[in-house]
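Asks: This is what each chain is made of:
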Amino acid sequence: DAKTTQPTSMDCAEGRAANLPCNHSTISGNEYVYWYRQIHSQGPQYIIHGLKNNETNEMASLIITEDRKSSTLILPHATLRDTAVYYCIVRVETGANNLFFGTGTRLTVIP
Amino acid sequence: DGGITQSPKYLFRKEGQNVTLSCEQNLNHDAMYWYRQDPGQGLRLIYYSQIVNDFQKGDIAEGYSVSREKKESFPLTVTSAQKNPTAFYLCASSTYGAGNQPQHFGDGTRLSIL
Chain A
1 DAKTTQPTSM
11 DCAEGRAANL
21 PCNHSTISGN
31 EYVYWYRQIH
41 SQGPQYIIHG
51 LKNNETNEMA
61 SLIITEDRKS
71 STLILPHATL
81 RDTAVYYCIV
91 RVETGANNLF
101 FGTGTRLTVI
111 P
Chain B
112 DGGITQSPKY
122 LFRKEGQNVT
132 LSCEQNLNHD
142 AMYWYRQDPG
152 QGLRLIYYSQ
162 IVNDFQKGDI
172 AEGYSVSREK
182 KESFPLTVTS
192 AQKNPTAFYL
202 CASSTYGAGN
212 QPQHFGDGTR
222 LSIL
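Respectively, the protein sequence lines represent chains A and B. For the first sequence, our numbering begins at 1 and goes up steadily by one. For the second sequence, our numbering begins at 112 and goes up steadily by one.
If you're looking for bench data, these hints aren't it; they were derived computationally from the structure. Since we're looking at a predicted model, the values are computed, not measured. The beta-carbon is built from N, C-alpha and C at its ideal position, and this holds for glycine as well. Be a bit skeptical, because a hint or two may be false.
Partner residues are not named here, just some residues of chain B that face chain A (Cβ under 8 Å, in silico) [said to hold, decoys possible]:
1) P150
2) G153
3) L154
4) E173
5) T197
6) L201
7) P213
8) H215
9) F216
10) G217
11) S223
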């Protein structure tokens with residue numbers, strides 16, 4: 001199973017872009033990269049996912065390197081409500097499509 | 112609104128007691144999942160179901176049981192055999208078979224021992 005490595009914690013000033021890195025050097029060619037976030041005492045919230053092309057939606061952008069061994073989640077204008085734990089996940093290839101959650105990056109947005 | 116509803120939000124269990132956590136979804140998803148989260152940790156898979164009347168064990172199924180009698184519902188029973196049940200329990204659902212579709216989560220049930 002492909003695993004991911006993320007920094008334990010990061011800070012970001014309010015209004016600035018938050019760039020969250022993730023390493024997934026053992027990713028397979030047909031595995032997607034997913035990003036979720038979890039605010040304290042709530043369920044994880046899906047943010048974005050991609051295979052090899054960069055992706056953007058209303059919440060964030062996902063930049064995947066050409067060799068697919070790492071990616072970066074970008075929150076373009078961080079707000080205090082973006083303070084959360086962010087999980088980078090490579091989808092495990094099983095019949096259930098279950099996700100392997102590591103310990104994530106705790107992002108703190110500072111006023 | 113479409114989504115996943117977990118109840119209750121908080122639950123207390125006495126020694127030797129079985130308790131059941133509810134999970135209902137109106138997203139018309141085929142697959143449903145139960146995860147456990149301990150403080151400061153990631154999620155671990157307990158059970159999952161790809162279709163009605165079928166389910167499989169995840170990584171930490173011992174001491175838990177599930178049923179899937181309806182597409183919308185996937186209740187989890189924490190039995191007395193689970194010796195360390197205090198945790199945050201999360202239910203999720205997704206479209207089955209479409210490998211790149213995300214899972215959607217409920218807001219969880221926090222279980223504690225009295």
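Asks: Hint by hint, say whether it matches the structure.
Replies: Hint-by-hint comparison with the structure:
no.	hint	result
1	P150	violated, 11 Å
2	G153	holds, 4 Å
3	L154	holds, 4 Å
4	E173	violated, 17 Å
5	T197	violated, 15 Å
6	L201	holds, 5 Å
7	P213	holds, 4 Å
8	H215	holds, 6 Å
9	F216	holds, 3 Å
10	G217	holds, 5 Å
11	S223	violated, 13 Å
Figure legend: structure checked against the earlier numbered hints; hints not met, in rising order: 1, 4, 5 and 11.
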